[in-house]
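*Asks:* Using the sequences and the hints given, assemble the complete structure.
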Amino acid sequence: MKKLLLLACLAMPCAAHAQTVAFTTEDYAPFNYREGKEIKGATVEQVEKVMAAIGVDYTIEVMPWARAFSLARTAPMTCVFATAHNSARDPLFKWVEPLLIDRNILITRKGSGITASNLEEAKKYTIGTQREDYTETILKEKGFTKLDVASDFNATLRKLLSGRIDMMPISELYFEKLKAERPVEIVTVLSSQPMGIACEKSFPDDLHARMQAALDKLIADGGQKQIFLKYGMNLSE
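Read in order, the letters of the sequence shown correspond to residues -18 to -1, 1 to 219 in mature numbering (1 follows the signal peptide of the UniProt record, and there is no 0).
No lab work stands behind these hints, which were simulated from the structure alone. Using N, Cα and C, we set each Cβ at its ideal position, and we do this for glycine too. Among the hints, a few may not be true.
[Unchecked claim] For lysine-lysine, the following BS3-like pairs were computed, each having C-alpha atoms within a straight-line distance of at most 25 Å:
1. Lys92 - Lys207
2. Lys106 - Lys141
3. Lys92 - Lys106
4. Lys76 - Lys105
5. Lys212 - Lys199
6. Lys76 - Lys183
7. Lys124 - Lys106
8. Lys207 - Lys161
9. Lys128 - Lys92
10. Lys141 - Lys159
11. Lys106 - Lys22
12. Lys105 - Lys141
13. Lys31 - Lys19
14. Lys212 - Lys76
15. Lys92 - Lys22
[Stated by the list, open to error] Label-pair distances were calculated between CB atoms; the ranges are:
16. Ser174 - Leu74: 18 to 24 Å
17. Thr108 - Ala202: 25 to 31 Å
18. Val171 - Thr108: 14 to 20 Å
*Replies:* Laid out in structure tokens, this is it:
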């Protein structure tokens, strides 16, 4: 049977195999994260529902953000999520969005005594972020120079809680959950942006359109909102 399948694939393109999409993401709960051998999260569930709706095979792999982003830039049939869509990144990918509309805020550990009423005042502090994360770009564009760059979100959070950095950017949606689990507090707002699925530039147009239509339907039917409520987040803008 396998031999017949191989011969068939040599004779004509195997559509199912050709349209297997490789998704990459990072460990950033509650959006995308590992729990044992399972990959879960509010954006993971949206990707799963989109792909189930269009009936296309896919894989999801969690890895450091810099690698996840790089693969989606260079590997055909590869998409990375959840990716901030900004002017610098716009021409680099084909976009399926929004998985969410989010603001990023700068937070500090409770009791640190660190205050900043605006971004200019925040620039005197050491800010932690992740290598190749869009927040690294935002911080540089806004004139932040005292940056501490780690490999992933959890490493940055550990530095914040241990006092090795003064502040870090975080999704405002996630902050509501995090502050119930960790001694952190908001300092000021950093930015606002849509987050989506970013696919390598040669990604098939027809498949891209089907994914976008499936996400549009998930949003219109209220499915996206229900997923975020499940993870303890409110999508009100």
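*Asks:* Taking the hints in turn, state whether each one holds.
*Replies:* Evaluated hints:
{"no.": "1", "hint": "Lys92 - Lys207", "verdict": "violated (30 Å)"}
{"no.": "2", "hint": "Lys106 - Lys141", "verdict": "holds (18 Å)"}
{"no.": "3", "hint": "Lys92 - Lys106", "verdict": "holds (19 Å)"}
{"no.": "4", "hint": "Lys76 - Lys105", "verdict": "violated (34 Å)"}
{"no.": "5", "hint": "Lys212 - Lys199", "verdict": "holds (19 Å)"}
{"no.": "6", "hint": "Lys76 - Lys183", "verdict": "holds (6 Å)"}
{"no.": "7", "hint": "Lys124 - Lys106", "verdict": "holds (13 Å)"}
{"no.": "8", "hint": "Lys207 - Lys161", "verdict": "holds (21 Å)"}
{"no.": "9", "hint": "Lys128 - Lys92", "verdict": "holds (21 Å)"}
{"no.": "10", "hint": "Lys141 - Lys159", "verdict": "holds (19 Å)"}
{"no.": "11", "hint": "Lys106 - Lys22", "verdict": "violated (37 Å)"}
{"no.": "12", "hint": "Lys105 - Lys141", "verdict": "holds (18 Å)"}
{"no.": "13", "hint": "Lys31 - Lys19", "verdict": "holds (20 Å)"}
{"no.": "14", "hint": "Lys212 - Lys76", "verdict": "violated (29 Å)"}
{"no.": "15", "hint": "Lys92 - Lys22", "verdict": "violated (29 Å)"}
{"no.": "16", "hint": "Ser174 - Leu74: 18 to 24 Å", "verdict": "holds (20 Å)"}
{"no.": "17", "hint": "Thr108 - Ala202: 25 to 31 Å", "verdict": "violated (43 Å)"}
{"no.": "18", "hint": "Val171 - Thr108: 14 to 20 Å", "verdict": "holds (19 Å)"}
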